[in-house]
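Q: Protein sequences appear in the order of chains H and F. Start counting the first sequence at 1; every next residue gets the next number (our numbering). Start counting the second sequence at 1; every next residue gets the next number (our numbering).
By construction, these hints were calculated from the structure, which means they are not laboratory data. Heads up, a few of these hints could be off.
Claimed, not checked - Here are the in silico distance ranges between beta carbons for each label pair: (1) H:Asn378 <-> F:Phe250: 46 to 56 Å; (2) H:Gly132 <-> F:Ala287: 29 to 39 Å; (3) F:Asn110 <-> H:Ser74: 51 to 61 Å; (4) H:Ser461 <-> F:Leu301: 49 to 59 Å; (5) H:Gln72 <-> F:Thr151: 38 to 48 Å; (6) H:Ser74 <-> F:Ala22: 48 to 58 Å; (7) H:Lys223 <-> F:Lys189: 44 to 54 Å; (8) F:Thr21 <-> H:Asp138: 26 to 36 Å; (9) F:Leu301 <-> H:Gly196: 48 to 58 Å.
Claimed, not checked - Chain H regions said to be covered by chain F (calculated; three or more residues, Cβ under 8 Å): (10) 102–108; (11) 322–328.
Computed from a prediction, not measured in an experiment: that's the story for all the values here. Glycine included, C-beta positions come from ideal geometry on N, C-alpha and C.
What follows is each chain in one-letter form.
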Amino acid sequence: MSTEAIRLDGVEKSFGAVRALAGVDLVVAVGECLGLVGHNGAGKSTLMHVLAGALLPDAGTLTVGGAEPKAQWSAAASQAAGIRCVFQELSLCPNLSVAENARITHASLRGFGWKGRARALICAKLDEIFPGHRIAPDDEIAQLPIGQRQMVEIARAFTVTTAPLRLVILDEPTSSLDAVAAGQLLSYIRKETTRGTAVILISHILGEILATSDRIVVMKDGKQVAARPAPAFDRSSLMAAMGSDLKEVEARGDRWQSPKADAAVVVRASPQREGGGSELVVREGEIVGLAGLAGHGQTRLLLQIFAGHADVDRPVAFVAGDRQSEGVFNLWSIAENITVASLRALIRRGLINVAAEAKLARAWRERIGIRTSDMGRNILTLSGGNQQKVLFARALASDARIILMDDPMRGVDIGTKLEVYAMIRAEAASGRSFLWYTTELDELTHCDKVYVFWNGKISDSIEAADFSEQRVLRASFAESGA
Amino acid sequence: MTNPRLLRAALPFLTLAIVLTATFYVQPRTMSYFGLNLMLQYAVPIALATIAQMFIITVNDLDLSIGPFVGLVGVVAATVLNSSPVLGAAALMVCVLAYGVVGALIHVRNLPSIVVTLGLSFVWLGISVTMLPSPGGKAPAVLKAIMTVQTPYVPFPILAAVAIGLVVHLALMTTSFGVVARGAGGNPKALARAGWSMLGTKVVMYMLAGLFGLLAGLALLGLTTSADAHVADRYTLYSIAGVILGGGEFIGGRINPIGAVVGALTLALAGAFLIFLRISPDWQIGAQGAVLIIVLALRALASTREKSL
Numbered sequence: 001m002s003t004e005a006i007r008l009d010g011v012e013k014s015f016g017a018v019r020a021l022a023g024v025d026l027v028v029a030v031g032e033c034l035g036l037v038g039h040n041g042a043g044k045s046t047l048m049h050v051l052a053g054a055l056l057p058d059a060g061t062l063t064v065g066g067a068e069p070k071a072q073w074s075a076a077a078s079q080a081a082g083i084r085c086v087f088q089e090l091s092l093c094p095n096l097s098v099a100e101n102a103r104i105t106h107a108s109l110r111g112f113g114w115k116g117r118a119r120a121l122i123c124a125k126l127d128e129i130f131p132g133h134r135i136a137p138d139d140e141i142a143q144l145p146i147g148q149r150q151m152v153e154i155a156r157a158f159t160v161t162t163a164p165l166r167l168v169i170l171d172e173p174t175s176s177l178d179a180v181a182a183g184q185l186l187s188y189i190r191k192e193t194t195r196g197t198a199v200i201l202i203s204h205i206l207g208e209i210l211a212t213s214d215r216i217v218v219m220k221d222g223k224q225v226a227a228r229p230a231p232a233f234d235r236s237s238l239m240a241a242m243g244s245d246l247k248e249v250e251a252r253g254d255r256w257q258s259p260k261a262d263a264a265v266v267v268r269a270s271p272q273r274e275g276g277g278s279e280l281v282v283r284e285g286e287i288v289g290l291a292g293l294a295g296h297g298q299t300r301l302l303l304q305i306f307a308g309h310a311d312v313d314r315p316v317a318f319v320a321g322d323r324q325s326e327g328v329f330n331l332w333s334i335a336e337n338i339t340v341a342s343l344r345a346l347i348r349r350g351l352i353n354v355a356a357e358a359k360l361a362r363a364w365r366e367r368i369g370i371r372t373s374d375m376g377r378n379i380l381t382l383s384g385g386n387q388q389k390v391l392f393a394r395a396l397a398s399d400a401r402i403i404l405m406d407d408p409m410r411g412v413d414i415g416t417k418l419e420v421y422a423m424i425r426a427e428a429a430s431g432r433s434f435l436w437y438t439t440e441l442d443e444l445t446h447c448d449k450v451y452v453f454w455n456g457k458i459s460d461s462i463e464a465a466d467f468s469e470q471r472v473l474r475a476s477f478a479e480s481g482a
Numbered sequence: 001m002t003n004p005r006l007l008r009a010a011l012p013f014l015t016l017a018i019v020l021t022a023t024f025y026v027q028p029r030t031m032s033y034f035g036l037n038l039m040l041q042y043a044v045p046i047a048l049a050t051i052a053q054m055f056i057i058t059v060n061d062l063d064l065s066i067g068p069f070v071g072l073v074g075v076v077a078a079t080v081l082n083s084s085p086v087l088g089a090a091a092l093m094v095c096v097l098a099y100g101v102v103g104a105l106i107h108v109r110n111l112p113s114i115v116v117t118l119g120l121s122f123v124w125l126g127i128s129v130t131m132l133p134s135p136g137g138k139a140p141a142v143l144k145a146i147m148t149v150q151t152p153y154v155p156f157p158i159l160a161a162v163a164i165g166l167v168v169h170l171a172l173m174t175t176s177f178g179v180v181a182r183g184a185g186g187n188p189k190a191l192a193r194a195g196w197s198m199l200g201t202k203v204v205m206y207m208l209a210g211l212f213g214l215l216a217g218l219a220l221l222g223l224t225t226s227a228d229a230h231v232a233d234r235y236t237l238y239s240i241a242g243v244i245l246g247g248g249e250f251i252g253g254r255i256n257p258i259g260a261v262v263g264a265l266t267l268a269l270a271g272a273f274l275i276f277l278r279i280s281p282d283w284q285i286g287a288q289g290a291v292l293i294i295v296l297a298l299r300a301l302a303s304t305r306e307k308s309l
């Protein structure tokens, strides 16, 4: 048996003029966890789609387990070769139950009693990876929150029926998971690789990559630019290899001077499920973080404020984190997606002033650095990170003084993040207030104040000066351990 | 009701119960074996056509040609099938195969099903009118015998409806094939990534729709005993309404076979009810539309509560 799980030689793929993969050579050994990092647009997603059989390479060869695949490469051939993918956009059928979704990826779950076998299969794997997951096999996917959906999708990728499991590709698997579930997943990956399964882990959270991978490959502009054993990398050398500006990252820790104790209060809200007690206060020019485990009431509070069920003093805008379902208008151009929140200001004599609209969109392309040559193109031509920038531009271009952000950095590359962080600071300095729900602890260091949520309530409020990750974690788990 | 999900599942039955009670109240004599038989006999072809429509809706398409197709089947069965059974059966087989071809065409060329099937409805109608310019023909005796069978205790239409609902429920909601079919409506991309053939799934679903359209045409002919190209024109709307009344949704692979049959029964009953109220047939479509709107409004209410929980 070959020690190679999969091997790519000189794989190329172009979309029109864009060269997504410019000759990739990649070997993943049996039982290896390979970390794959790179900016959005570095070609990671294209590479994954090639491995999954969703795209055919223009050139190059693909070898599975030391032999060339016999049949034409396709999604079915990839499945049969034991390659599983967890894509960034969820690929579960929302109208089916958890067990039925397991059936979709396992052709052998058929005949009499298939449902019982499907239930047992997916439950066993969920229990193994995410103990205490509270997901029932007959739950409909649409009824589950996004974090649990991701758990189902991950567990499904690791289930085995007839085809042996060779390689699992996880594309941003922790983007919607809370800290506990993410930790459970990473330790499971370590365990699974010792059984001989190869794993490709793609993540923008470098800590995860460094701690979990055996070897790390850095991609840039469709090519592999660095590949070393994980211990040979650290945060800064990884960043350097990816080509992002290291200084900005180091500067992240120090906040600019902004104790705004005397500024006007713009939002005063208390979570509706709470019987009195601690409330949330946002002042003008403040960046307020909402922390805690995913799904503990942060989004609900943002929506409550957005709907006006709180004392809100200024116009409000909302930046969605779930881009596909509540962020972008799929059929609209980039420009239209930016200006939609500002249309009232663009009306002249009852009609939209098209010239002013185009000007506004152009201005925001420059300010926020959206990478496109033509703002008239469809929004979906942009990468995920750039789509998210458009959503920021939409909120910032409007007259809103309070910006609500619902975990907006999900699956966004580090370069984009840094640009957005800088913009949030600049906007806050000019008097805008931000309410920022995030699942990444790192991002809380940008906030003037952090409210930690537990079970729909605010369990702690931390001023920037007293901020520590330990305190956030403590408050996140405050009562759940009891 | 405390559980909105339960409310939603119960809504088709609730609607049927309300319409049934109203009918019994207006015309107590219908509360009998004979009365129910008479009122519900046309529910059988409507239920079959509704199921046919449901197969198409499962894969996120819509069939605007099912009514004329049911009419065509009736015409073929009342003429060719009657005179030369082998040729007739072959012709009907071709009709079902044609549905599969249409499904393949819609998928491969990525055409909007509404446009294709709307065009097709005129094709079916054209063939029917050419074969049988004026109402006539004769239903095969066996069809008449089946549709007028007197079952003990429970009228035949009710038994038939229960059987149709259960069979399709088992096939679509509990088998492993049914999961793939519904998944094709829920997330086609995911299904293709898992290695399933979307083309194959769509062709099968379209052919199943053709098969149930065929059964609907035969059942209807068994009741009317002679054929008319236009006899089932209204079935297109009935079938869509039945699926939606039964708790199905236009997109996303969310369907409910038993609910769809109940929806078809409700529509058939509503027709009878409006006749008892002496409402002119001209107003009936409007009145049925009103029923539909009320039910959909109730459902929207239920799903908002579902979300807020």
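Q: Look at each hint and say if it fits the structure.
A: Hint-by-hint comparison with the structure:
no.: 1; hint: H:Asn378 <-> F:Phe250: 46 to 56 Å; verdict: 24 Å, violated
no.: 2; hint: H:Gly132 <-> F:Ala287: 29 to 39 Å; verdict: 54 Å, violated
no.: 3; hint: F:Asn110 <-> H:Ser74: 51 to 61 Å; verdict: 19 Å, violated
no.: 4; hint: H:Ser461 <-> F:Leu301: 49 to 59 Å; verdict: 38 Å, violated
no.: 5; hint: H:Gln72 <-> F:Thr151: 38 to 48 Å; verdict: 55 Å, violated
no.: 6; hint: H:Ser74 <-> F:Ala22: 48 to 58 Å; verdict: 56 Å, holds
no.: 7; hint: H:Lys223 <-> F:Lys189: 44 to 54 Å; verdict: 28 Å, violated
no.: 8; hint: F:Thr21 <-> H:Asp138: 26 to 36 Å; verdict: 33 Å, holds
no.: 9; hint: F:Leu301 <-> H:Gly196: 48 to 58 Å; verdict: 53 Å, holds
no.: 10; hint: 102–108; verdict: holds (count 4)
no.: 11; hint: 322–328; verdict: violated (count 0)
Consistency note: the structure conflicts with the earlier hints numbered 1, 2, 3, 4, 5, 7, 11.
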